[in-house]
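Trainee: Listed below are the residues making up each chain.
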Amino acid sequence: MNELLQLARDALLFKHETYVEHTARADALKRGLTLLVLVTLLAGVISLVVNVVNGMRPTDFDANMQEFEQSLQTFFNNAGPFLNLPPDLKRGFREGLKAARPGIEIGARIAELPTPLPRPVGVLLSNLGAFLSLPFSRLAGWVGYGIWVMLAAKLMGGRATAAQTLGATALYAVPHALDILGPVPCLGGLLGLVATVWGIAIYVKALSVANEFTIGRAIVATLLPALVIVLLSGLGLLALLVVGLAAG
Amino acid sequence: MKALIRLAWEALFLREDPYAEMRDSSNAVLRGLGIVVLIAVAVALVGLVGTALEWATTPDLREMQETVWQGLQKMEWYQDLEGIPEIRQQFDWGWQIFPRLFGAPNVGTAALRIVLLPLRLALTWGLYGLVAYLFARLLGGQGNLGQTLGCTALAAAPQLLNLASFFPYIIVGGVVGTWTLLCRYVALKTCHRLRWGRALAATLLPYVLLAVFVSLFSCLIGAAASLIIGGGTSR
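Chains E and G, in that order, are what the protein sequence lines are.
FYI, the numbering used here numbers position 25 of the first sequence as 25, with every residue one higher than the one before it.
FYI, the numbering used here numbers position 196 of the second sequence as 196, with every residue one higher than the one before it.
You may find that some hints are simply not true.
To be verified - Pairwise CB distance ranges (calculated):
1) G:A223 - E:E95: 23 to 33 Å
2) E:I104 - G:E86: 22 to 32 Å
3) E:I46 - G:F217: 26 to 36 Å
4) G:V49 - E:L113: 22 to 32 Å
5) G:R100 - E:I219: 44 to 54 Å
6) E:L231 - G:L72: 27 to 37 Å
7) E:T115 - G:Q73: 18 to 28 Å
8) E:L181 - G:I84: 49 to 59 Å
9) G:G173 - E:T59: 23 to 33 Å
10) G:V214 - E:E17: 25 to 35 Å
11) G:G103 - E:D27: 29 to 39 Å
Unchecked claim - Output of the computed footprint for chain E on chain G, the stretches with three or more beta carbons under 8 Å from beta carbons of chain E:
12) 12-18
13) 59-67
14) 71-81
15) 209-216
To be verified - With a cut-off of at most 30 Å between alpha-carbon atoms, the simulated DSS-like pairs for lysine-lysine come out as follows:
16) G:K74 - E:K98
17) E:K30 - E:K154
18) E:K30 - G:K2
19) E:K90 - G:K2
Since the hints were derived computationally from the structure, they do not count as laboratory data.
Source: prediction; values computed, not measured.
In this text, a Cβ means the ideal position worked out from N, Cα and C, and glycines have one as well.
Assemble the whole structure, with the sequences as input and the hints as a guide.
Mentor: Below, the structure is given as structure tokens:
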């Protein structure tokens with residue numbers, strides 16, 4: 001554990017020799033994955049506790065709806081003069097809420113139905129399930145994008161194996177420990193942005209070390225898949241536009 | 001059994017050693033089959049526990065159905081549908097399908113997976129291994145069919161991630177499929193001693209072939225259906 005903490009700290013500080021040692025290890029991917037999973041779970045702990053506590057509270061549907069409507073009214077009263085919201089928008093919000101009310105009520109009534117195990121067990125298990133799903137969600141994004149980055153790196157002369165590239169780039173998750181403060185209004189979003197930028201910088205550094213090429217090449221290999229996706233999406237939209245125009 | 005579990009666990013981390021060990025094994029196919037079946041049975045058993053827990057914390061589907069029906073009747077747009085006599089029948093029919101589509105826990109189906117999952121994984125492994133072997137050989141690979149099957153069996157290792165479904169409500173998602181692809185790449189590269197580009201081609205070509213087959217099959221089904229329907233209406 002101490003070794004992992006040391007690795008995390010040095011990765012955050014961009015210590016070159018740490019990246020080299022980590023990538024050269026036979027268990028680089030195992031260590032990288034362990035860090036990624038631990039950091040993701042750590043970042044979700046506060047949300048888990050908040051959600052479990054909220055879920056355990058007895059719910060009063062009408063009181064909750066009233067509270068929500070009042071907070072919406074307060075928002076319009078306070079933000080209205082600054083945002084210059086048109087009256088139609090306010091009316092639209094209220095009408096939309098009124099139309100959605102029966103649907104929300106169905107959900108609330110279902111949540112009150114009896115279950116074979118006591119309700120608190122269900123609340124705990126469903127929130128635990130969502131919490132434990134977080135690392136899988138991060139893994140899917142990281143591996144899904146990483147495959148294309150690996151291909152780009154290989155085409156640019158990279159020397160790393162799949163295990164080395166993934167093991168090294170898994171360190172990008174370390175700054176996301178800051179996401180633990182995600183539920184804090186304003187500060188959470190700001191720290192999330194810092195973690196994202198810091199994570200991308202670590203990703204580029206790790207890719208450069210693993211593949212033994214320059215930071216410039218690593219930046220290109222990291223961004224290339226995103227650029228291709230943007231380009232293909234643009235072309236797709238253009239094609240749709242042309243087809244739409246041709247169809248009149 | 002312990003040795004097989006160790007091999008699959010190490011293969012998960014994309015190291016070439018377990019794949020090389022499998023390639024050099026005298027009974028690679030049998031060991032491969034053992035790994036696939038072992039992983040599939042373990043995942044299905046664990047999944048059964050998770051599904052049972054999810055079922056035990058979910059309200060009865062019939063009670064949910066009645067609650068939804070009562071809620072729908074309170075909606076404004078329902079007044080327009082009230083005159084249609086079949087509306088309740090259609091709602092009941094939809095209720096037979098949609099909850100299952102959206103993952104309502106079914107202990108019976110989860111229990112059936114103890115038999116079906118090993119069969120499905122073994123079939124997929126055999127078919128992929130065979131086709132990948134042909135492409136790898138065409139691309140200059142040196143491994144034989146038994147070695148290929150042994151190594152590609154280790155690519156079932158990412159299914160171990162599904163052991164997390166012991167916990168109800170967990171979503172493992174698409175990472176298993178992507179990770180399997182990576183394991184298959186390492187398996188073919190190691191087994192056939194291919195360079196990365198050729199190994200990548202040998203890994204992806206079976207998927208391309210499958211996509212072509214599915215497209216052709218869909219076209220054939222579509223053509224047959226239009227012939228039957230078209231033929232029927234023309235008379």
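Trainee: Run every hint past the structure and note whether it holds.
Mentor: We went through each hint and held it up to the structure:
| no. | hint | in the structure |
| --- | --- | --- |
| 1 | G:A223 - E:E95: 23 to 33 Å | violated, 49 Å |
| 2 | E:I104 - G:E86: 22 to 32 Å | holds, 28 Å |
| 3 | E:I46 - G:F217: 26 to 36 Å | violated, 50 Å |
| 4 | G:V49 - E:L113: 22 to 32 Å | holds, 23 Å |
| 5 | G:R100 - E:I219: 44 to 54 Å | holds, 47 Å |
| 6 | E:L231 - G:L72: 27 to 37 Å | violated, 45 Å |
| 7 | E:T115 - G:Q73: 18 to 28 Å | holds, 24 Å |
| 8 | E:L181 - G:I84: 49 to 59 Å | holds, 53 Å |
| 9 | G:G173 - E:T59: 23 to 33 Å | holds, 29 Å |
| 10 | G:V214 - E:E17: 25 to 35 Å | violated, 50 Å |
| 11 | G:G103 - E:D27: 29 to 39 Å | holds, 36 Å |
| 12 | 12-18 | holds (count 4) |
| 13 | 59-67 | holds (count 5) |
| 14 | 71-81 | holds (count 5) |
| 15 | 209-216 | violated (count 0) |
| 16 | G:K74 - E:K98 | holds, 12 Å |
| 17 | E:K30 - E:K154 | holds, 22 Å |
| 18 | E:K30 - G:K2 | holds, 20 Å |
| 19 | E:K90 - G:K2 | violated, 65 Å |
Checked against the numbered hints above, the structure violates hints 1, 3, 6, 10, 15, 19; every other hint is satisfied.
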